[in-house]
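Participant: These are the residues of each chain, in order.
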Amino acid sequence: MSLDRREFLKLTGLFGLGIGVSGVNLLLRSRVDAREFVTPSGSLIAKRWAMVVDIRKFRTAEDYKRVIDACHSIHNVPDFGNKKDEVKWIWTEEFEHAFPGQQNRYLPEWVIEKPFLLLCNHCDHPPCVRVCPTKATFKRKDGIVMQDPHRCIGCRFCMAACPYGSRSFNWRDPRPFIKKRNPEYPTRQIGVVEKCTFCAERLAQGLEPACVEKSNGAIIFGDLADPNSEVRRVLSNHYTIRRKPELGTQPSVFYIIGGEENA
Amino acid sequence: MLEKALSGSRRYWTWIIILLILIGIGFINYLRQFKLGLGITGMSRDVSWGFYISQFTFLVGVAASAVMLVIPYYLHNYKKFSKIVILGEFLAVASVTMCLLFIFVDMGQPMRILNVILHPTPNSILFWDALVLNGYLFLNIVIGWATLHAEKKGIPPAPWVKPLIYISIPWAISIHTVTAFLYAGLPGRHFWLTAIMAARFLASAFASGPALLLIVALLVRKYTKFDPGREPIQAVGKIVTYAMITNVFFFLLEIFTAFYSNIPGHKHSFEYLFAGYEGYGKLVPLMWLSIILAIISLILLINPGTRKNEKTLVIAALAVFFSLWIDKGFGLVIGGFIPNPFETVTEYWPTLPETFITIGVWAIGFLILTILYKVVISVRESIGNLEAEH
Numbered sequence: 000m001s002l003d004r005r006e007f008l009k010l011t012g013l014f015g016l017g018i019g020v021s022g023v024n025l026l027l028r029s030r031v032d033a034r035e036f037v038t039p040s041g042s043l044i045a046k047r048w049a050m051v052v053d054i055r056k057f058r059t060a061e062d063y064k065r066v067i068d069a070c071h072s073i074h075n076v077p078d079f080g081n082k083k084d085e086v087k088w089i090w091t092e093e094f095e096h097a098f099p100g101q102q103n104r105y106l107p108e109w110v111i112e113k114p115f116l117l118l119c120n121h122c123d124h125p126p127c128v129r130v131c132p133t134k135a136t137f138k139r140k141d142g143i144v145m146q147d148p149h150r151c152i153g154c155r156f157c158m159a160a161c162p163y164g165s166r167s168f169n170w171r172d173p174r175p176f177i178k179k180r181n182p183e184y185p186t187r188q189i190g191v192v193e194k195c196t197f198c199a200e201r202l203a204q205g206l207e208p209a210c211v212e213k214s215n216g217a218i219i220f221g222d223l224a225d226p227n228s229e230v231r232r233v234l235s236n237h238y239t240i241r242r243k244p245e246l247g248t249q250p251s252v253f254y255i256i257g258g259e260e261n262a
Numbered sequence: 000m001l002e003k004a005l006s007g008s009r010r011y012w013t014w015i016i017i018l019l020i021l022i023g024i025g026f027i028n029y030l031r032q033f034k035l036g037l038g039i040t041g042m043s044r045d046v047s048w049g050f051y052i053s054q055f056t057f058l059v060g061v062a063a064s065a066v067m068l069v070i071p072y073y074l075h076n077y078k079k080f081s082k083i084v085i086l087g088e089f090l091a092v093a094s095v096t097m098c099l100l101f102i103f104v105d106m107g108q109p110m111r112i113l114n115v116i117l118h119p120t121p122n123s124i125l126f127w128d129a130l131v132l133n134g135y136l137f138l139n140i141v142i143g144w145a146t147l148h149a150e151k152k153g154i155p156p157a158p159w160v161k162p163l164i165y166i167s168i169p170w171a172i173s174i175h176t177v178t179a180f181l182y183a184g185l186p187g188r189h190f191w192l193t194a195i196m197a198a199r200f201l202a203s204a205f206a207s208g209p210a211l212l213l214i215v216a217l218l219v220r221k222y223t224k225f226d227p228g229r230e231p232i233q234a235v236g237k238i239v240t241y242a243m244i245t246n247v248f249f250f251l252l253e254i255f256t257a258f259y260s261n262i263p264g265h266k267h268s269f270e271y272l273f274a275g276y277e278g279y280g281k282l283v284p285l286m287w288l289s290i291i292l293a294i295i296s297l298i299l300l301i302n303p304g305t306r307k308n309e310k311t312l313v314i315a316a317l318a319v320f321f322s323l324w325i326d327k328g329f330g331l332v333i334g335g336f337i338p339n340p341f342e343t344v345t346e347y348w349p350t351l352p353e354t355f356i357t358i359g360v361w362a363i364g365f366l367i368l369t370i371l372y373k374v375v376i377s378v379r380e381s382i383g384n385l386e387a388e389h
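The listed protein sequences correspond, in order, to chains A and B. Read in order, the letters of the first sequence are residues 0 to 262 in numbering that gives the first Met the number 0. Read in order, the letters of the second sequence are residues 0 to 389 in numbering that gives the first Met the number 0.
No wet-lab data here; the hints were simulated from the structure. From the three backbone atoms N, C-alpha and C, an ideal C-beta is built for every residue, glycine too. Heads up, a few of these hints could be off.
Said to hold, decoys possible - Using 27 Å as the maximum straight-line C-alpha spacing, the simulated DSSO-like pairs for lysine-lysine come out as follows:
id : chain 1 : residue 1 : chain 2 : residue 2
1  : B       : K152      : A       : K9
2  : A       : K82       : A       : K179
3  : A       : K82       : B       : K266
4  : A       : K243      : B       : K266
Stated by the list, open to error - Stretches of chain A that chain B covers, calculated by requiring three or more beta carbons in the stretch to come under 8 Å of a beta carbon on chain B:
id : stretch
5  : 83-96
6  : 131-144
7  : 170-180
8  : 241-249
Modelling step: build the complete structure from the supplied sequences, incorporating the hints.
Facilitator: Quick look at the structure:
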């Protein structure tokens with residue numbers, strides 16, 4: 000049997016078409032629809048989670064360390080011991096780095112020197128979610144900004160987009176650098192981003208975020224949409240600031256700086 | 000026609016083997032990166048995009064510049080470009096391929112890259128960038144191949160090619176506009192948050208791309224029997240001149256806004272790149288080299304005597320290319336990350352494996368370019384159509 004060029008091309012075309020159709024068919028059939036998320040009973044729920052960090056109540060280095068260690072140990076955050084590969088969910092910066100542009104040299108010395116606790120702001124309009132090409136980073140209905148480490152392709156667009164430097168990337172395999180692994184929480188692999196999730200996994204168990212629990216009342220957590228919640232009460236009684244409010248991201252982490260009682 | 004790439008002179012094969020060796024070295028280093036993670040690069044939490052993404056950004060420009068030959072030839076009937084327009088299209092093919100490869104090697108989880116298609120996300124500019132880049136690659140392969148095939152047979156290209164050519168013009172603009180939007184829409188990155196970014200990208204693209212084309216065309220003339228002709232080269236030289244002037248003008252506009260407004264965030268990256276910021280200035284010598292090359296190129300290009308002399312024109316083209324390579328293939332992306340959102344500085348410099356991978360991708364691009372150009376030249380040799388129309 001011999002084919003001329005035209006017949007050969009025809010056959011090749013048909014063959015290709017067949018493969019294409021069966022490929023698409025296979026793809027469609029093999030897709031399993033995810034079950035809709037059901038909030039577990041007994042979990043803490045809110046319309047809009049928010050956090051107030053009362054920086055007045057952080058007095059000693061131990062106060063910060065306790066909070067940071069609690070978060071990082073529960074969530075299997077690795078410690079590479081260098082700045083280049085660093086992964087962090089909650090950490091401290093001085094005022095001028097936490098609130099760049101708002102510092103002036105005549106501020107009280109304690110403001111200039113005081114470490115501020117920083118974490119993901121869980122913005123109302125998160126730029127990281129806007130830029131993610133796979134919806135691996137997403138915003139939940141209750142305002143929590145999270146990421147799916149199994150969908151993340153590691154393009155790091157979210158890191159460029161976040162104006163708060165809240166996102167970390169697993170430049171190296173994080174597992175050997177986890178001091179003591181918590182089997183209750185997943186570890187991550189090379190090449191994906193991660194950050195604070197407002198302890199979504201603890202909220203689902205009816206627990207407050209780890210940092211809140213360990214802060215001895217210095218961090219207040221609650222529903223911004225509920226006028227009777229403690230966060231709302233604190234916010235209406237204190238002057239608070241947020242990081243880079245001019246960008247329109249509407250952070251949901253607020254800071255009480257306080258005044259003369261610290262002087 | 001592709002079989003024509005399989006026979007060539009000793010020099011041709013030596014060049015191919017050199018490229019294959021570079022690709023091999025790059026590939027071995029990529030395997031290491033694949034296993035150990037992007038930690039083997041110089042990138043960090045603060046400078047989270049580096050050499051790969053900046054090469055990608057630069058090469059999108061080179062790819063888009065094919066339109067600078069397509070517009071005069073197809074829209075203005077400038078016949079002198081008839082012999083070199085395909086060189087532009089195939090340069091675009093090679094460049095877009097490099098762009099896609101640079102994105103690929105930058106991924107933390109490359110095996111999941113098809114998630115971009117599986118979970119299409121129109122609010123992400125990266126989604127659109129993937130679309131327009133692949134579309135542009137497709138357009139240029141089809142257009143280039145179809146017109147060359149017609150030329151081989153001595154007939155005019157099929158009628159369906161024309162619409163594709165017209166589509167490719169706005170498409171070329173789109174690839175660089177969308178690439179600029181990757182940067183220009185991010186809050187809190189002052190260096191990138193500028194409305195002129197896309198325009199600046201296009202200006203630098205239309206200077207660097209044709210400059211590279213000019214260099215390559217002269218190499219082709221030197222080493223093969225194919226002569227693009229003096230006039231097309233001069234015309235490309237003029238295009239480079241106008242585009243480079245526009246590019247420098249746009250850059251000065253940025254400088255004015257940043258420094259006359261005196262807003263710290265807008266000044267910081269410029270300070271870091273050109274003067275050093277809080278004691279950090281790793282890129283300062285490189286950025287000044289870019290400025291010096293830009294000035295040299297403008298002197299040689301604007302002065303008609305040196306522009307019309309091909310020897311000095313080549314020097315000008317080289318100066319344009321390397322000036323813009325430093326500016327966009329290095330400073331623009333890195334500078335946007337410094338200082339970081341906390342206004343502190345983490346510096347960046349590519350590591351050795353990162354450099355080898357980068358060279359490997361460039362070598363793949365040049366391999367594609369060589370093969371495609373070889374086919375073009377062999378086809379023209381076989382039909383005895385090597386002289387430019389005079």
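Participant: Which hint numbers doesn't this structure obey?
Facilitator: Failing hints: none at all.
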